[in-house]
Structures are given as C-alpha cells and as structure tokens.
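There are 2 protein chains.
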Amino acid sequence: MALDSRSLQWATLAHKALPQRALVTLLQAFDDPGAILAAPAAQLARHVPADVVAAVAAPVDDNALTATQRWIDDPQHHVIAWDDGDYPRALLDIGHAPPVLFYIGSRVLLNRPALAIVGSRHATPQGRTNAREFARALAAANLTIVSGLALGIDAAAHEGALGTEASTLAVIGTGPDRVYPARNRELAQQIAQAGGLLSEFLPGTPPRKENFPRRNRLISGLARGVLVVEATLSSGSLITARWAGEQGREVFAIPGSIHSPFAKGCHKLIREGAKLVETAQDVLDELGLGSPSPTTRASKTAAAAPESELLSMMGHDPVTIDALIERTGAPAEAIAAGLVRLELDALVCALPGGYWQRQ
Amino acid sequence: MALDSRSLQWATLAHKALPQRALVTLLQAFDDPGAILAAPAAQLARHVPADVVAAVAAPVDDNALTATQRWIDDPQHHVIAWDDGDYPRALLDIGHAPPVLFYIGSRVLLNRPALAIVGSRHATPQGRTNAREFARALAAANLTIVSGLALGIDAAAHEGALGTEASTLAVIGTGPDRVYPARNRELAQQIAQAGGLLSEFLPGTPPRKENFPRRNRLISGLARGVLVVEATLSSGSLITARWAGEQGREVFAIPGSIHSPFAKGCHKLIREGAKLVETAQDVLDELGLGSPSPTTRASKTAAAAPESELLSMMGHDPVTIDALIERTGAPAEAIAAGLVRLELDALVCALPGGYWQRQ
Numbered sequence: 002m003a004l005d006s007r008s009l010q011w012a013t014l015a016h017k018a019l020p021q022r023a024l025v026t027l028l029q030a031f032d033d034p035g036a037i038l039a040a041p042a043a044q045l046a047r048h049v050p051a052d053v054v055a056a057v058a059a060p061v062d063d064n065a066l067t068a069t070q071r072w073i074d075d076p077q078h079h080v081i082a083w084d085d086g087d088y089p090r091a092l093l094d095i096g097h098a099p100p101v102l103f104y105i106g107s108r109v110l111l112n113r114p115a116l117a118i119v120g121s122r123h124a125t126p127q128g129r130t131n132a133r134e135f136a137r138a139l140a141a142a143n144l145t146i147v148s149g150l151a152l153g154i155d156a157a158a159h160e161g162a163l164g165t166e167a168s169t170l171a172v173i174g175t176g177p178d179r180v181y182p183a184r185n186r187e188l189a190q191q192i193a194q195a196g197g198l199l200s201e202f203l204p205g206t207p208p209r210k211e212n213f214p215r216r217n218r219l220i221s222g223l224a225r226g227v228l229v230v231e232a233t234l235s236s237g238s239l240i241t242a243r244w245a246g247e248q249g250r251e252v253f254a255i256p257g258s259i260h261s262p263f264a265k266g267c268h269k270l271i272r273e274g275a276k277l278v279e280t281a282q283d284v285l286d287e288l289g290l291g292s293p294s295p296t297t298r299a300s301k302t303a304a305a306a307p308e309s310e311l312l313s314m315m316g317h318d319p320v321t322i323d324a325l326i327e328r329t330g331a332p333a334e335a336i337a338a339g340l341v342r343l344e345l346d347a348l349v350c351a352l353p354g355g356y357w358q359r360q
Numbered sequence: 002m003a004l005d006s007r008s009l010q011w012a013t014l015a016h017k018a019l020p021q022r023a024l025v026t027l028l029q030a031f032d033d034p035g036a037i038l039a040a041p042a043a044q045l046a047r048h049v050p051a052d053v054v055a056a057v058a059a060p061v062d063d064n065a066l067t068a069t070q071r072w073i074d075d076p077q078h079h080v081i082a083w084d085d086g087d088y089p090r091a092l093l094d095i096g097h098a099p100p101v102l103f104y105i106g107s108r109v110l111l112n113r114p115a116l117a118i119v120g121s122r123h124a125t126p127q128g129r130t131n132a133r134e135f136a137r138a139l140a141a142a143n144l145t146i147v148s149g150l151a152l153g154i155d156a157a158a159h160e161g162a163l164g165t166e167a168s169t170l171a172v173i174g175t176g177p178d179r180v181y182p183a184r185n186r187e188l189a190q191q192i193a194q195a196g197g198l199l200s201e202f203l204p205g206t207p208p209r210k211e212n213f214p215r216r217n218r219l220i221s222g223l224a225r226g227v228l229v230v231e232a233t234l235s236s237g238s239l240i241t242a243r244w245a246g247e248q249g250r251e252v253f254a255i256p257g258s259i260h261s262p263f264a265k266g267c268h269k270l271i272r273e274g275a276k277l278v279e280t281a282q283d284v285l286d287e288l289g290l291g292s293p294s295p296t297t298r299a300s301k302t303a304a305a306a307p308e309s310e311l312l313s314m315m316g317h318d319p320v321t322i323d324a325l326i327e328r329t330g331a332p333a334e335a336i337a338a339g340l341v342r343l344e345l346d347a348l349v350c351a352l353p354g355g356y357w358q359r360q
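Protein chains in written order, with this note's numbering: chain A, 2 to 360; chain G, 2 to 360.
Mixed in with the good hints, there may be bad ones.
Heads up, the list lumps identical chains together, so a pair's fine if it works in one copy or across two of them.
[Claimed, not checked] Listed next, the in silico SDA-like pairs over lysine to any residue satisfying Cα-Cα at most 25 Å (straight line): (1) 210 / 61; (2) 265 / 291; (3) 269 / 314; (4) 269 / 215; (5) 269 / 329; (6) 265 / 310; (7) 269 / 327; (8) 265 / 321; (9) 269 / 285; (10) 265 / 329; (11) 265 / 126; (12) 265 / 234; (13) 276 / 94; (14) 210 / 328; (15) 210 / 62; (16) 265 / 290; (17) 210 / 327; (18) 276 / 260; (19) 269 / 279; (20) 210 / 326.
Keep in mind the hints are simulated off the structure, nothing from the lab.
A quick note: this is a predicted structure, and the numbers were derived from the prediction, not measured.
If we strip away everything but chain A, and leave its shape as in the complex, we get (with noise of 0.2 Å):
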C-alpha cells in the first residue's frame, strides 16, 4: 500500500517502534518521515545502527496500514505527531513520548494545564463521589482532567470534568477505534465529543494486558500532577503515580479508613511523600495555583443548605443525634427533621442503638 499520506507515514513509523533516539536521528537526517521510510538502507545505516536499519526496512501489516487509513479518513480523527504544533508540549520531556498520538477531540485540550486523577476500578461509591467532586473542583479552577477511562474512579474523574471548560482527556490502552472496557463506551463517545480521546496505539490494537502500565506514563506525562483517589495495593493507578514521580510531576492521594482496602494503596504513596489532601484547594495550593474559580465558591456556597451540612458533619461513621447536635449547633428538632428528610432521600440510614450513618 502507498504511503502517500504524512500522516500514515508518521503512523507506520510510530508501528515500527525504534528506540526513540534512533528515530530523533533519523528525523534530523532526513527531515521527514516519507524521506526515511524511502530511504535506501545504505543512506539509513550511516546514522543508525544495523538492527534499526532493519526495523525500518521491514514491511508493514498491510491490514494494520489500511485500517489505520480509513481511520485516518474521518476528519474527525487526528494523527498528531511530533512536529505537530498541538503535540502535547508536557509530553516531550517525559522521555519515550509516542512519535505518534491519535486523537479524536478538540485539539486545543492537548496545551492546556492539566491535572490526572485516577484509581481503582473496583472503588467504593465514596471513592467515586470524591473523584467526580474532586474533577469538578478543579476542572472548574481551568485544570483539564486526564484519566484512563477504567471503570470505577476513571470513569467518575471524567464525568466530574465533562461539562466545563477545561474537559477532559482520556488516553487510552488500546488503538482509537476501541473502547476498552466496553462498559465505558457511552462515556468514550461524550469524552470524544465534548473533551478528547487520545492513544499511542494504532487504530484496530486490542486490548493488551502490557500497553495498559505503559500507557499510564502518558496520563501522568499529560499533567503537572496525580491525584489517586482510592487505590488497593495492586492497583495500576500506583503506575501512574510512579511515573508521576519518575517525570517530576507531583503526587496527591486522599487518606481513608485504615479498614479499607481501597485506601491502602493510598496511604502508601503518603508514606512514600505523596502529599496528602482533604480537597479540591489542596491541590491547587501545592501547585501554586490560585483559588477555585468562583463558580465553584458558588456551588458550594449553594451546597451549604442545612440538610448538606448535616450531611457533612455526620462524617462516614455511625453517629447519635447529641454528637450532630454538638458539631452544628443546630437544636435537636431540626437535626431530627433533617435526619429524616435525608432517609427519604436514601442518603443516611438509621442504626440500632439511634445511631445514624450516611450511605
């Protein structure tokens, strides 16, 4: 098949994988990549070493190639490689950035100050509560939210941003043209719509257990920090935040019950130097970034009717109507008609012993 596009030039390079010096090299030879992949491979070998030469001469998947073009066709779809001026600048000092990105959104999302917030897949309804709140916050204070669009905490870090101007960036494990879990395929297609989608790999790539960790170094890579919000032990959102930490990027992780499975891996990075925050301006405080825009100040001010505060004085464990009292101030007979008003709303429950507890 011809290679008579830049763009399928630039991917079928990218598919070749070569170490990124060796490509930076060849870029600088022959200034183009239609030139180095035309190039006989005498004119390579004086800049590149023999098992290089090699990758570039040897021939491409035909398959791979035509479905990357018919990508390539939708003029929705962007190949965005390195001498693209809307290649995300963040990612050109993280070492390995992909030659190639392929992206479907706006491209003005890809230079903008952003921030990644990730987690488990399996969180708690907590967890996901923080993370939507959270992307909100500092979405509403201009930082884009990045994610992998993972079920569970990805999933509500993108919801939280899609609405507002900063949006959201979702960089995916596998080709453009796939969502991965297939759970998340409504959510791809607004993210694609109102924010963007972005992946290193070639359009038709299926889900693969290894591009996964690899793909993380790219949400980290997109931000100037990670926020985790809950983390087992083993979950691959302590990937991103090593690479976050390997880039030079901060790290952030929400505290949580010492009971809880989902704050482990948390509290892991705090003991490793994450720095531990309670909200929104938190992270903003240590990024040197000023306050959420007043839009957020709103909201919240607009969240603070009695019943939401009751909400968020009873804290997450049981508590008695004496301790409510206590911590608002409010007489016993509004804390008892708010109780009430939240059980019709399912938002607490009533214990045995009168005792009460969000849920």
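Based on the hints, put chain G in the right spot on chain A.
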C-alpha cells in the same frame, strides 16, 4: 505546719514552681530540699536571683500542705522526686520536668518503654475501637500505653492496655486525688490498681483549663512516640503531638475519611511530617521494635474466622455482595450467609440498592 517529711518538703518546693534552672542550682548548692526551705534569704541570694529567693521564702498555704500531707500518708501513694530512683528517666530530657510526681500505682511502670495514644474526647465509635485495638496490640508488644484519662480516645487506649503486663499510665491534669472527668472515675480506679496514675499537681488541685495543655508535655515526654488516633483541628492531642515533636519523640497518626472532622487533625499532622500508620506493626517498625508478641499474632489468626474476614473486607463504605465475592474469593452463598449472621449480631446493616455496610 512543720515540713518534717522529705516528701512534703519536695511537694512544697514543687508548689513554689521555681524555674527549673534555679531549682537545680539550689539543689546543687544545698543538696537537700529541706535545707533549701530552711535557708536564710541571704544564703539563697548567693545562688539565685531575688525573685527566686522571694518565691522560696513566700509562705505556703497551710490547707494545701495539710491536704498534701494527708495524701502522702496513704501507703499506696508515692511522691516521686528528681532524686528518686524511680523518677521516669524519660522525663529528665524534656526540659521543665516537674521536680515531683504524685503517683498511685506500680513504680516499675515509670521506667518501661512506653507509647502515648491520644485523641479527641468526642471520638467516633470506630475511633474508640481503633484506639483500644492499637493499645492492646502495642501493649502486647511490651509498650506501656500512656494517655490522659480523657473521654473518648484516651479512655479507650487505657482500656485496651489494662490487663496486659505492660499496662497503662494515666497522666492527669488535676491533683492526684481528683478524677476529671467524673465519668472516668471507675476507669481511674482500675488504672490506679493495675497500672499507674500520675500527676504533677498538688493534691487538691481542681481541674483548671490551663493545666491540661501543660500536662500534655508529660504524656509525650514519658513515651517514645505519640499516636494520634482521631483528632479534630481543635483537639488537645495536637498539642501533645507538638510537644512530642519538640521533645524528639516520634509522631504517628491514623488517617480517615476526608469527610470526617475527626480525621482532620490527624491529616494535618501527617502533612506536617507525622508517620501515617495503619497497623500496630507500622508503629513498632518505625520505633525499630520487633513484631508484636505471639499472643497478638495468635489472636489475629483466631479473628480470621469467615465472618471476621468478611467484616474486614467490607471496609466502611457501602458494598455489594458482588464486590465481596471479588474481594474474598468466597462463593456467593457463603457471603450471603455470613452477612445474615453479621446482621443478626448487629455488625452490618442492609442498605437500599443491594448494598451492605458495617455499623
């Protein structure tokens, strides 16, 4: 009233609250508390400034002395001064060590390796359970548990350590003949019998607001480290942690939900450098001490019965049976049966939407 007992002489000197350096100078010069009290002003003035001379010469309230003498007359009561071999060596390096301790209990506890466990008076049930369990495990690992006999975390820590050989020390902020708060009277008696009750204040001293933060320096000073279990941002346990820092003791804190006001003090400490701990073993590791005793390990194994394991895998957020299957690897029927048994014991409750939660 004649100061004919050495204990009463020490108590009288302590009552005068001389600057530590002046008291040391006088003891070096006169070699004896009775000799200091009997010395003419001119002789004292050769060693210490005029305000100290005036303080030594000032008359002491006879009622206070009578109350003190009466307290001393009880053979169970000990006045332990700097020159007493049982004076806690750990206190000698904190600066401002009280010249005299009023003590009820076993003298041997005053010079054992110790750990302080402190926290909010208005703690959550989970916080109190954590305090009790950490205290039990650390006492089983041979650390005497020091705390302040307050309601909430302090009381739970004392309770957890009672009955172990390492036992517990209560450092109180009133005279040794007073119990504050009154609700802890029975606990104070148990501690006086099986552990030790310690005060730097003269018998008869009522609870005074300013004495409690000052007392906290002894809690941290007696210990190798201070573990804060739950603390609001206004909790006095943060003062104890600050003393610990100044005295070169370790500070440990247990994290919790970012929505719990009782975790905020702990999170503040962790951000300031306290060690985040999830288990008693974490504390022992940081202190360079060994594993908990075999008893502790055995009881841990015994606790790994199916229901207990289920309970621990539930964490503290609502959870589905599916998630429990995934976390435990147990079949659905076993999980369902376990949940029903736990519900009968009022250890879990069913929530709308197929969720279960610990209570």
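Hint-by-hint comparison with the structure:
{"no.": "1", "hint": "210 / 61", "verdict": "within (23 Å within a copy, 80 Å between copies)"}
{"no.": "2", "hint": "265 / 291", "verdict": "between (30 Å within a copy, 22 Å between copies)"}
{"no.": "3", "hint": "269 / 314", "verdict": "between (27 Å within a copy, 18 Å between copies)"}
{"no.": "4", "hint": "269 / 215", "verdict": "within (21 Å within a copy, 34 Å between copies)"}
{"no.": "5", "hint": "269 / 329", "verdict": "between (34 Å within a copy, 22 Å between copies)"}
{"no.": "6", "hint": "265 / 310", "verdict": "between (28 Å within a copy, 17 Å between copies)"}
{"no.": "7", "hint": "269 / 327", "verdict": "between (34 Å within a copy, 22 Å between copies)"}
{"no.": "8", "hint": "265 / 321", "verdict": "between (28 Å within a copy, 20 Å between copies)"}
{"no.": "9", "hint": "269 / 285", "verdict": "both (22 Å within a copy, 17 Å between copies)"}
{"no.": "10", "hint": "265 / 329", "verdict": "between (31 Å within a copy, 16 Å between copies)"}
{"no.": "11", "hint": "265 / 126", "verdict": "both (16 Å within a copy, 21 Å between copies)"}
{"no.": "12", "hint": "265 / 234", "verdict": "both (6 Å within a copy, 24 Å between copies)"}
{"no.": "13", "hint": "276 / 94", "verdict": "within (23 Å within a copy, 33 Å between copies)"}
{"no.": "14", "hint": "210 / 328", "verdict": "between (49 Å within a copy, 21 Å between copies)"}
{"no.": "15", "hint": "210 / 62", "verdict": "within (22 Å within a copy, 80 Å between copies)"}
{"no.": "16", "hint": "265 / 290", "verdict": "between (28 Å within a copy, 23 Å between copies)"}
{"no.": "17", "hint": "210 / 327", "verdict": "between (52 Å within a copy, 20 Å between copies)"}
{"no.": "18", "hint": "276 / 260", "verdict": "both (21 Å within a copy, 17 Å between copies)"}
{"no.": "19", "hint": "269 / 279", "verdict": "both (16 Å within a copy, 10 Å between copies)"}
{"no.": "20", "hint": "210 / 326", "verdict": "between (52 Å within a copy, 23 Å between copies)"}
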